[in-house]
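Given next are the chains, with one letter for each unit.
Number of protein chains: 2
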Amino acid sequence: MPNTKLSRKYRPITFINVSIEDIFWEPRQRANREHTIPIEYQQCRDTGRIDAFRLNWKTGMKPVPHIFWDSDVAKWIEAASYSLATHPDPQLNTLLDEVIALIASAQQPDGYLNTHFTVVEPEKRWTNLRDQHELYCAGHMIEAGVAHFQATGKRNLLDVVCHYVDHIASIFGTQPGQKRGYPGHEEIELALVKLYHATDERCYLDLSQYFIDERGKQPYYYDLESVTRGEDPKAYWAKTYSYMQAQIPVRQQSEVVGHAVRAMYLYSAMADLANETGDNDLLDACRALWRDVCLRKMYITGGIGPSRLNEGFTNPYDLPNETAYAETCAAVGLVFWNHRMLQFDCDGRYADIMERALYNGVISGVSLSGELFFYENPLASLGHYHREPWFDCACCPPNIARLLASLGQYVYSQNDDEAVVHLYIQGQGKFRLGEQPVVLRQETQYPWDGEVNIHLDMEQPTSFGLKLRLPGWCKNANLSVNGTYIPIEKRIERGYVCIHQVWNPGDMVQFIMDIPVERVYAHPEVNQDFGLVAIQRGPIVYCLEQVDHDIPVSQIILPVDSPLSFEFTKDLLGGMGRITGEALVTKTDDWKDTLYRPGKPGSHVCQITAIPYFAWDNRSPGPMRIWLPER
Amino acid sequence: MPNTKLSRKYRPITFINVSIEDIFWEPRQRANREHTIPIEYQQCRDTGRIDAFRLNWKTGMKPVPHIFWDSDVAKWIEAASYSLATHPDPQLNTLLDEVIALIASAQQPDGYLNTHFTVVEPEKRWTNLRDQHELYCAGHMIEAGVAHFQATGKRNLLDVVCHYVDHIASIFGTQPGQKRGYPGHEEIELALVKLYHATDERCYLDLSQYFIDERGKQPYYYDLESVTRGEDPKAYWAKTYSYMQAQIPVRQQSEVVGHAVRAMYLYSAMADLANETGDNDLLDACRALWRDVCLRKMYITGGIGPSRLNEGFTNPYDLPNETAYAETCAAVGLVFWNHRMLQFDCDGRYADIMERALYNGVISGVSLSGELFFYENPLASLGHYHREPWFDCACCPPNIARLLASLGQYVYSQNDDEAVVHLYIQGQGKFRLGEQPVVLRQETQYPWDGEVNIHLDMEQPTSFGLKLRLPGWCKNANLSVNGTYIPIEKRIERGYVCIHQVWNPGDMVQFIMDIPVERVYAHPEVNQDFGLVAIQRGPIVYCLEQVDHDIPVSQIILPVDSPLSFEFTKDLLGGMGRITGEALVTKTDDWKDTLYRPGKPGSHVCQITAIPYFAWDNRSPGPMRIWLPER
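The listed protein sequences correspond, in order, to chains A and B.
Numbered per the working numbering, the first sequence spans residues 146 to 776.
Numbered per the working numbering, the second sequence spans residues 146 to 776.
Since the hints were derived computationally from the structure, they do not count as laboratory data.
Please note that the accuracy of each hint is not assured.
A pair holds if it fits inside one copy or across any two, identical chains being indistinguishable in the list.
Unchecked claim - Under the rule of at most 30 Å between Cα atoms (straight-line distance), these lysine-lysine pairs were calculated in the BS3-like manner:
id, residue 1, residue 2
1, Lys745, Lys620
2, Lys154, Lys324
3, Lys745, Lys732
4, Lys207, Lys732
5, Lys203, Lys362
6, Lys324, Lys379
7, Lys745, Lys635
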C-alpha cells in the first residue's frame, strides 16, 4: 500500500525517558561509561586533539592538528553528554564545560571553528570541500552542541555552534558571492536538522536542504574548486564523485555507492528532510537505496562497505568475509538511517536491520571491557586480526560510544495514540498518551530468551494501541494480556503486533517469541557465502572462535542434520549465550607432502562451540569464522 | 636418500635441438611468434621504450624513460632471439640488429648501460639498489645478449653486455673502494651464470656468487645506502627486506617470503650456483624453500604470490581465489626454478610443478591469439577482470614470450647414458648418447590424450637408458617396447619410468597414461578452498566460465557423485578439451526481498561445461571459477 502521508507517523522516545536495566545492554553501557568514554577523553588529550583547540601550534611542531581531529573531540562530547543525561556525574559535567570553554576559545570572531584550518593551513579555509572534512567536523561539533544542550540544558556549546553555522550559512548558498559547495564527507546535513529542532531556527533546516539539493549537480562544484586550486579535477584519487555520493543529484540515486559512512550519514539526512518537508522524491530515493543496501550489499552482521579501497561499497552481492572492511562507523550509520526510516510507518523491516546491526556489526566494534576497538569488522579471520586501543583515524571508538550512550532512544516510539516497542530490553520507557503519562516496563532476558513481560503503569485507564515488534527472524510467538491468550495472526501490521484497547494500571502483557537456533543462508548470488551456512539465534549471529576449539575452526564442516543447542553460560565472557553441537573436522594427517590431491579429505566427528560474533577476540587471539561449509 | 653428488646429473636439451609439432603448444608458439613478439616490439616502440636508447630525453619531455623500461626491450630481444633460432626470419634478424645497434650506441664509455640513469637521473647511478632496478635491468640485458648469441652466433649484444658487466664487477665487490651492494630485484644473478656459460669467463660466475653471498648480511647494505642518500632506512615502504628476500643470508632462508618474481629469480640463481660450485648449503636452502612454496603457498594453477600488496607471498595456506595476484611472471619464474632443480636428480616432483605451472598459470597469462595479456591470474572472477593489450609495468608479456619461444628446452634432458622425457609434446629431440646422435620422436595428442608413442632413431644400436616421466597426477600407465608389454612398477625412479637397454634404430616405445577426469581437493588448511572441489584432467585444471552457461556459474554445486566426461572439441577455442557433466544450480526465484534467511536454498539439476583454466576470458567476458562447492 503506498504511503500517502509523507511525514513521520511516529517519534522516538528520547533516551532520557528510557532506562536500560537488562543483562545484555546494561553491562555494555556501563563499560561504555566507565571505560570507553574516559579512555577516549584520555586519547584525545594524549594525542593532542584537545590541546589543538589552544591554537598554539606553530610550523614545525609535532603533532600537527589533523583535518578531522575536531570531530573526534566532538563525538566524545556527544557521547559524554548522553551519558551524563542518564547517569549524572558532576566530574564529567565539569570536564565537559572545561573542554567546551577551550573549544569556544578557539572560535574565530567570524564564527569559524576548526583547529587545522585556523593554525595549520589558514589560507586553505573552504578551498577543498571534496577532501578536507571541514563541514564534516562542523557537523559533529553541531551534534555535540545539541547533545550537550539536551543533556544539560546548557547553551555553552550550542551557542558556539550556532555562531559557527551562521558563518557557514553566510559562505555557502545560491546567493551571489556565495560558494555553491557541499561537503565531501556528509554529516553536517543531519546535524543541521538536529540543530533546527534544538533551536527552532528554520534557517538551519534550510541550510541542510541547500546541501542536499546542491549535491551532485553539474557542473560539479568539486571540479570548479579543483580548478580554482590549480589542480586538474581528473587527478582526483577516487576518480569518481560516487565516492561521496555526489555523482548525480541525490533524488536520482537508487544505487548505494562509495564510502559507506558518508552514504549512511547522507541517507539519514535525506530521511530527516523528507520528514520535515514532505519531500516525496527524497523518501523514494531513500527507499530505493535501502533496498539496494539491505537486500544486496549488507553482511549478515549488519556490516556494510566490503572494500578497504573506498571504505565502501562495491558490486551487488560482493561480500567477502576475511577482507570485509565493514567499518564500525558504517554499521552505526546504518542504525541511524534505519531508525529514521522506521519512524515514517513503523515498518518492521527497518527495525529488523537496526536490530541486526546493533546486536552484531555495531557492538563487535568495541570489546566487552569497553577498552579495545575494531575499526574493520571482518566476518572471518585467519588469526592475524585483533582489537586495538586506538587508531590514528579514530572515528569509530567515539561513534560507538555515542550510540551506546544514547541507546535508549532506539527502544520505543510513539504517536498520539500508539506506544511502540522496537527492541526488547529490560527497563522502562516513559510515554505520554492521551494526555496521560504511561510507563511501559519490560522484563526480559532477551536476546538470550524470547519471553518479554511488559507491565503498564498509568494513573487512570487509558485507551491507546500497544505495538510490539515481531522480529523478522521470529516464526512463532504467543501473546497474552493479563493471562488471556490473544491470537496474533490478524493483529500483525508491517511486522508489529498491535493491541488497541483501554489499558488499566497494572496491566501485564506477555509476549513469548520462539527463538530457536537457526541455520541461515545467504542469497545464492553472494558468491563468497555460496554453499556455506551461518548459525543465528534470535538477532544474534554466531561464530566459531579458535579459543573454544582444539581442532582448527577453519576446517570444520557442519552436517546438515547435526543438532545444535543453546545455553546461556554465566561464566562465559561475563554471561553469554553459546551454541554447541556436533560437526565434522577434516583430517589432515594423511596430507603429508601434498597440497592438492584427488581423494576427498576424510573427516571425523567433533564438538563445536559457537559464540556471538560481537564477542569474538575478547579472549586468546586466533582464527574466527561465521560462515561454515555445510554437508 | 641424501644426494651425495651435488652437481647436476642431467642437462637440458637446448630448444634449438627440440622441435614442437603438436596440437597444444605449436599453435601457442605460432601465436607467440606471429602476434605476441611483433606486438611487444610495437609497444616498446610506441611507448618510447626503444627510442629511450637514443638518449635524447631532456628535462620536461614526456614520456620519461622509466627505471625498468630497458628490461622490457631486453626481454623482447631474448624472446625474438629464441624464436629466430627455431624459425629463421631475416626481417626479424635485421630488426634485432638494428635495436641492438641502438642499445650499443647508448652504452657509456665506462660500459654503463641504462637509459633512465644515463639521461634522467645520472647523479643517482648506483645510489639506490633497493628500489631502482638498475641491476635487474642489467640482468635482463645480459640474458638478451646470451640468447641472441646462442640464436645467431653474433656477438653484437654479447660484447655490449660483457663490457657492462665488467663495469658492474668494478663497482660491486668486497675490495676496498667497491660498493658491497646487491640487487633489490634479483635477476642479474642467474643472468651472470648464463653469461659465464656463453663466454667461459669465470669472473661472471664469481660476480653472481658475490651477489648471492652478500645478500641479507648485516649491517644491511640497503640501510647504509639509505643513510648515504640522506634517508631514514626505517622509512622504507615495504618495512622489511624480506620483500626482496634479503632479511637474512640466503643459505639460512627456509621460508618463501616477499615479492614472488624476485624470489623465483633468486632461487633459480641459487640452484645454478649450487650446481656450479657444489655448494651443499645453497641446494639445501633451495630444497627447504621449495617445500615451503610448493606444499604450502602455491595455487592449483601453479600461480604463486597471492597478495597485491607485496606482489608476493603471505602466510602458509593463504590462497584467496578472487583476489589472487599470481603474477604471470611469478609462474614463469616457478618454471625456471623447478627446471633447474630438476636437473640435479631428475626428481619428478620438480617436473610436476613445472608442468602444473606451464599448462595452467603460465599460459593463462596470454590469450590464445597471443594478443592480450593477464598480469594477475585470479582463480575466480565475478566478471570484472579481463585481459589487456599491454601494461605500464610490462614485465609479463615479454616474460611469457621468452618462455614460449624457448619451450623446447623444458621437454628433454640427458646425461652421458640416459635420455629423459619430461614433457609429452609431439615433435622431436636430438640427443648425443654414447657418442651417437639419437633422435627421439614423440607422437601424442597430450594433454588431451594420455597415449605417447616414441620413435627412436640412431645410426647404430646404442645402449642407453630412456627415462619417461610418470606424472604425479597419473595413477596408472602402460608401457610397451616394440609391442611388448613391460611392467613398470619396478622401473620407477623418483617419478620416472626407466628402461635401460640397447636400442635399435626404429624402436618404438608406447607409453599410455590413464588420464581420467579427477576431482581435486586442496589441503584442508587452505581456508579459501575448504569444502570446495576443483576439476583436473591430466595436467590441466578446469574452470567454469559464464559464457558456456545460461545459469550463473557462481551458483553451481557439484554433487559428489555426478559423472563428468571429457571430450576434445575441435570447434571450441581452436580445439580444446572440455569436460561436461551434471551439477546442481541453486534456485534464486524464491529469494525475493531477502538477503539472508533460514531454509536451505533449493536447487535443480543443470548441465555444466568446464574448459581449461588457461583458456578463460578468450570469449565473451563474464564470471569464472575453478573451485566449486561440493555436496
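Please write out, lowest number first, the hints stated earlier that are contradicted by the structure.
2, 4, 5
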